[in-house]
Amino acid sequence: IQLTQSPSSLSASIGDRVTITCRASQAIATYLAWYQQKPGKAPKLLIYTASTLQSGVPSRFSGSGSGTDFTLTISSLQPEDFATYFCQHLNDFRFTFGQGTKLHIK
Amino acid sequence: QVQLVQSGAEVKKPGASVKVSCKSSGYTFIGNYIHWVRQAPGQGLEWMAWINPNSGDTKFAQKFQGRVTMTRDTSIRTAYMELSRLGSDDTAIYFCAREMVTSTTGVFDLWGHGTLVTVSS
Numbered sequence: 001i002q003l004t005q006s007p008s009s010l011s012a013s014i015g016d017r018v019t020i021t022c023r024a025s026q027a028i029a030t031y032l033a034w035y036q037q038k039p040g041k042a043p044k045l046l047i048y049t050a051s052t053l054q055s056g057v058p059s060r061f062s063g064s065g066s067g068t069d070f071t072l073t074i075s076s077l078q079p080e081d082f083a084t085y086f087c088q089h090l091n092d093f094r095f096t097f098g099q100g101t102k103l104h105i106k
Numbered sequence: 107q108v109q110l111v112q113s114g115a116e117v118k119k120p121g122a123s124v125k126v127s128c129k130s131s132g133y134t135f136i137g138n139y140i141h142w143v144r145q146a147p148g149q150g151l152e153w154m155a156w157i158n159p160n161s162g163d164t165k166f167a168q169k170f171q172g173r174v175t176m177t178r179d180t181s182i183r184t185a186y187m188e189l190s191r192l193g194s195d196d197t198a199i200y201f202c203a204r205e206m207v208t209s210t211t212g213v214f215d216l217w218g219h220g221t222l223v224t225v226s227s
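Protein chains in written order, with my numbering: chain Z, 1 to 106; chain W, 107 to 227.
To be clear, the hints were calculated from the coordinates, so they are not data collected in a lab.
Mixed in with the good hints, there may be bad ones.
[As the list claims (entries may be wrong)] Within a straight-line C-alpha distance of at most 30 Å, the following computed DSS-like cross-link-like pairs (lysine-lysine) qualify:
(1) 129/W to 41/Z
(2) 118/W to 41/Z
(3) 106/Z to 118/W
(4) 125/W to 106/Z
[Said to hold, decoys possible] Using C-beta positions, here's what the derived DEER-type ranges look like:
(5) 172/W to 55/Z: 32 to 40 Å
(6) 40/Z to 161/W: 30 to 38 Å
(7) 136/W to 94/Z: 36 to 44 Å
(8) 106/Z to 120/W: 23 to 31 Å
(9) 116/W to 15/Z: 37 to 45 Å
(10) 168/W to 39/Z: 41 to 49 Å
(11) 13/Z to 182/W: 23 to 31 Å
(12) 67/Z to 182/W: 38 to 46 Å
(13) 105/Z to 179/W: 19 to 27 Å
We put the CB at the ideal spot given by N, CA and C, even for glycine.
Kindly produce the complete structure, drawing on both the sequences and the hints.
Encoded structure:
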């Protein structure tokens, strides 16, 4: 199963609502997670099983979708949200990641 | 403090092996699987393998079969990943990550800071 994220790169401004998409090559129910990675740092878990917010993650982050199409939404961009975001297939021993979406400041 | 602390950066020659450690603290080491994920410079994330610290059972991505060895020492709450026959395409940051205990596998809720392995002649 392959995961394709779009867009690969995105420019946005503080306060914008942003949506990142992850498409699976086959249906994966809700077995999807989202991570945030800042330069020089390890990834950080944001959301798992498509829509469950990890403890401590701000509520402006939300996830949705099932089957093949998933979205990560940031409702109002904050300065600390500019980073790269990865989706990941869960419950499959290959644990495939998407190629990433880099979120830039406009 | 709940954390995973990895060993320092390594520089290796092609054909050599590297062993990276991942020391846990602040939680029950044998209670969570430990996974290894690598990231080549400027690239995405690639899952490599997991180890069950309780039993020592391991599983690897097919591309690493025969080249990666996963071990653990429960007395010091540390997991190890050894990669042999290194090539230039093994240059990457290697992360260890803890798998959350849930009904869904593969949720990595705690990550080490990463270990840069550079393969160069």
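A quick look at each hint next to the structure:
{"no.": "1", "hint": "129/W to 41/Z", "verdict": "holds (17 Å)"}
{"no.": "2", "hint": "118/W to 41/Z", "verdict": "holds (23 Å)"}
{"no.": "3", "hint": "106/Z to 118/W", "verdict": "violated (40 Å)"}
{"no.": "4", "hint": "125/W to 106/Z", "verdict": "violated (42 Å)"}
{"no.": "5", "hint": "172/W to 55/Z: 32 to 40 Å", "verdict": "holds (39 Å)"}
{"no.": "6", "hint": "40/Z to 161/W: 30 to 38 Å", "verdict": "holds (34 Å)"}
{"no.": "7", "hint": "136/W to 94/Z: 36 to 44 Å", "verdict": "violated (25 Å)"}
{"no.": "8", "hint": "106/Z to 120/W: 23 to 31 Å", "verdict": "violated (43 Å)"}
{"no.": "9", "hint": "116/W to 15/Z: 37 to 45 Å", "verdict": "holds (43 Å)"}
{"no.": "10", "hint": "168/W to 39/Z: 41 to 49 Å", "verdict": "violated (31 Å)"}
{"no.": "11", "hint": "13/Z to 182/W: 23 to 31 Å", "verdict": "violated (48 Å)"}
{"no.": "12", "hint": "67/Z to 182/W: 38 to 46 Å", "verdict": "holds (44 Å)"}
{"no.": "13", "hint": "105/Z to 179/W: 19 to 27 Å", "verdict": "violated (44 Å)"}
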